[in-house]
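Undergrad: For reference, the chains in residue letters:
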Amino acid sequence: MNLKKESSKQKKVTKDSEMWELRLYVAGQTPNSMRAFANLKKICEEHLKGKYTIEVIDLMKNPQLAAGDQILAIPTLVRKLPEPLKKIIGDLSNTERVLVGLDIRSKSST
Amino acid sequence: MSSKRKSVAFEQIFPKVPSGIRGLDEITFGGLPKGRPTLITGGAGSGKTLMSMEFLIRGSIDYNEPGVFMAFEETAEELAQNVASLGFDLKELIAQKKIIVDYVRVERSEIEETGEYDLEGLFVRLNHSIDTIGAKRVVLDTIESLFAGLGNESILRAELRRLFRWLKDKGVSAIITAERGEATLTRYGLEEYVSDCVIVLDHRVQNQISTRRLRIVKYRGSVHGTNEYPFLIDEKGISIMPITSLKLNYPISTQRVTSGIARLDTMLEGKGFYQGSTILVSGTAGTGKTSISASFASATCQKSERCLYFAFEESPNQIIRNMKSIGIDLEPWTRKGLLKFHAVRSTFYGLETHLVQMQKLIDDFKPTAVIVDPITNLINAGDQNDVKSMLTRLIDYLKSKQITALFTNLTHLASLEQTESEVSSIMDTWILLRDIELGGERNRGIYILKSRGMAHSNQIREFLITGKGVDIIDVYTGPAGVLTGSARFAQETKDRAAEASRKEEVEKLKRDLERKRKLMEAQVIALHAEFTAKEEEVKQLINQEERREETIAKSRKEIGRMRKEDKE
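Here the protein sequences line up with chains Z and D, keeping their order. Just so we're on the same page, the numbering used here is the position in the first sequence counted from 1, plus 74. Just so we're on the same page, the numbering used here is the position in the second sequence counted from 1, plus 243.
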């Protein structure tokens, strides 16, 4: 529950042309999911401050949403925007790979 | 007996759920394990997806068990198209909420992995689908795609183990499909996790003809057929035809049917074949096998019964024309719809397709007689064992339907009393047609090698094909041996001449006797006349003598009177 609140708070903050719309799929508050959310928050704050939204979807509550983004693994981070769609699965503990996966590394270097 | 008892016991321990797939429930003695997963493995194009889809569709239609199809390879649209060719309307079933198709797309290039994860998302989706329609059946086709899409194999294996456990706990009857591995049953060793029931599908090409086969490798806690069973995919879905599915307990008829040839009936106790029996007519080329078949077909139609004629050698028109030339007109029967030809080259399909094709036609047409002319050609479509097993199944099927079946078989001189596919043992009546070569002439002989359940004739008869149909006549048996054809005719003429001259001789003797008698009688009359004449003469003489004596006595008295004799 408190994951969700935070995400909605974040949403209002962002107003930028290069907006990052991120979705984190979890299934209940498992250690993996909690860790993933914490890691994601940290990375976003560090690299995308002020231009990102994180929406956390709990499949335990909304199982019908799993099919839409083709979710299999939990946790899964989906980058809805900018295009193209990207998926990162796991607890996002390897920051380097998350940055590569989200194409942040290349962007921040240029 | 004991196996029956055992299966009942198993039934109680491990309940089964009927698959609804033709033949599969027979070889599994009731269906797939209820509430447990079944693994179907096979190469590409072996029919895994269709079989599992039919399991779901039949379940939802015939057994009121909704199903969830989790597709890892094809979209719902593609699946609907694929099964439409089997006559199933998947979209309609989806609309009626009887089936849910959930397409799971796993694209490795889109997925980055960092750290720990599990497949809870898959569980959530599956669970949601199952609960939405109250599914009792689940198909995962082909879950192995996950191995290609996700990198962490140890997580995957742990999660699959959990998934199969979860499916069991959920109590759904599931089918999991997998690709066949090179040395193992599945490429990723899924058989380790799904061990209740493992079915292997196979698609083999032999002599350019493909045959699909199915084998139950394992069925824990159940007896099952262990053979490789050929199966077919056609417009009615999948049908597996277990060779031993039909037990030898079909009803038996004591009714007789005519063969269409009066003398042949005579040879068969004067009554013909048994209804529902199988007749093999074998002979070398040109001995009249098709003529006998046509006679039988015609006789069947004459009784207003239907006859189905499988022609593997000639086209229907050719058979009709040829038979017309010997006085058997089949055309009216085909026009009336009593006689149906099914002509197809034997090499056109594999044996199994033939079998199912035939079975389907028989189902639709409901004939009382079936003719297969010739079965020899089917041998081209498969090897000996296949042909035998196929024919056995066909015959079993025909017998269970009480259909009289006549098969023709082309033999060669060397193996006259041996059928090529060794089918004679499963035939009830075996009629052998053979050439009898004598005096520079070839004639047809017919005899009954065997006919179960009747005192059939053991004589060789001559078989004539005339402009008025087929006829069987006695061969000449006499001091000169057994003769047929013109030799028989010549011998018969000779015999007739001899008989005529013998008759003349007797007549002559009779006439002689008559003349002698007449002569004798004339002599008797003459003697009689002579005697009468003599008698007259003698009587006259006697008379004269008497009269003279009288006169003498008279004159003596006169003289005495005149001499005045003393009177006493």
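Derived by calculation from the structure, the hints in this document are not laboratory data. There may be inaccurate statements among the hints.
What the hints assert, rightly or not - Here are the computed lysine-lysine pairs in the BS3-like style, where the Cα-Cα straight-line distance is at most 25 Å:
#: 1; chain 1: Z; residue 1: 135; chain 2: D; residue 2: 411
#: 2; chain 1: D; residue 1: 413; chain 2: Z; residue 2: 135
#: 3; chain 1: D; residue 1: 782; chain 2: D; residue 2: 807
#: 4; chain 1: Z; residue 1: 160; chain 2: Z; residue 2: 116
#: 5; chain 1: D; residue 1: 567; chain 2: D; residue 2: 583
#: 6; chain 1: D; residue 1: 546; chain 2: D; residue 2: 644
#: 7; chain 1: D; residue 1: 711; chain 2: D; residue 2: 583
#: 8; chain 1: D; residue 1: 340; chain 2: Z; residue 2: 135
#: 9; chain 1: D; residue 1: 711; chain 2: D; residue 2: 514
As the list claims (entries may be wrong) - Coverage of chain Z stretches by chain D, computed from C-beta distances (three or more under 8 Å per stretch; other residues unrestricted):
#: 10; region: 123–130
#: 11; region: 137–149
Claimed, not checked - Take a look, some chain Z residues computed to stay more than 12 Å from chain D by CB distance:
#: 12; residue: 92
#: 13; residue: 93
#: 14; residue: 95
#: 15; residue: 99
#: 16; residue: 100
#: 17; residue: 101
#: 18; residue: 115
#: 19; residue: 119
#: 20; residue: 120
Backbone N, C-alpha and C fix where the C-beta goes; we use that ideal spot for every residue, glycine too.
Undergrad: Run every hint past the structure and note whether it holds.
TA: Going through the hints against the structure:
no., hint, result
1, Z:135 - D:411, "holds (24 Å)"
2, D:413 - Z:135, "holds (19 Å)"
3, D:782 - D:807, "violated (37 Å)"
4, Z:160 - Z:116, "holds (19 Å)"
5, D:567 - D:583, "holds (17 Å)"
6, D:546 - D:644, "holds (19 Å)"
7, D:711 - D:583, "holds (23 Å)"
8, D:340 - Z:135, "holds (22 Å)"
9, D:711 - D:514, "holds (22 Å)"
10, 123–130, "violated (count 0)"
11, 137–149, "holds (count 10)"
12, 92, "holds (20 Å)"
13, 93, "holds (21 Å)"
14, 95, "holds (16 Å)"
15, 99, "violated (7 Å)"
16, 100, "violated (9 Å)"
17, 101, "violated (4 Å)"
18, 115, "holds (15 Å)"
19, 119, "holds (18 Å)"
20, 120, "holds (16 Å)"
Checked against the numbered hints above, the structure violates hints 3, 10, 15, 16 and 17; every other hint is satisfied.
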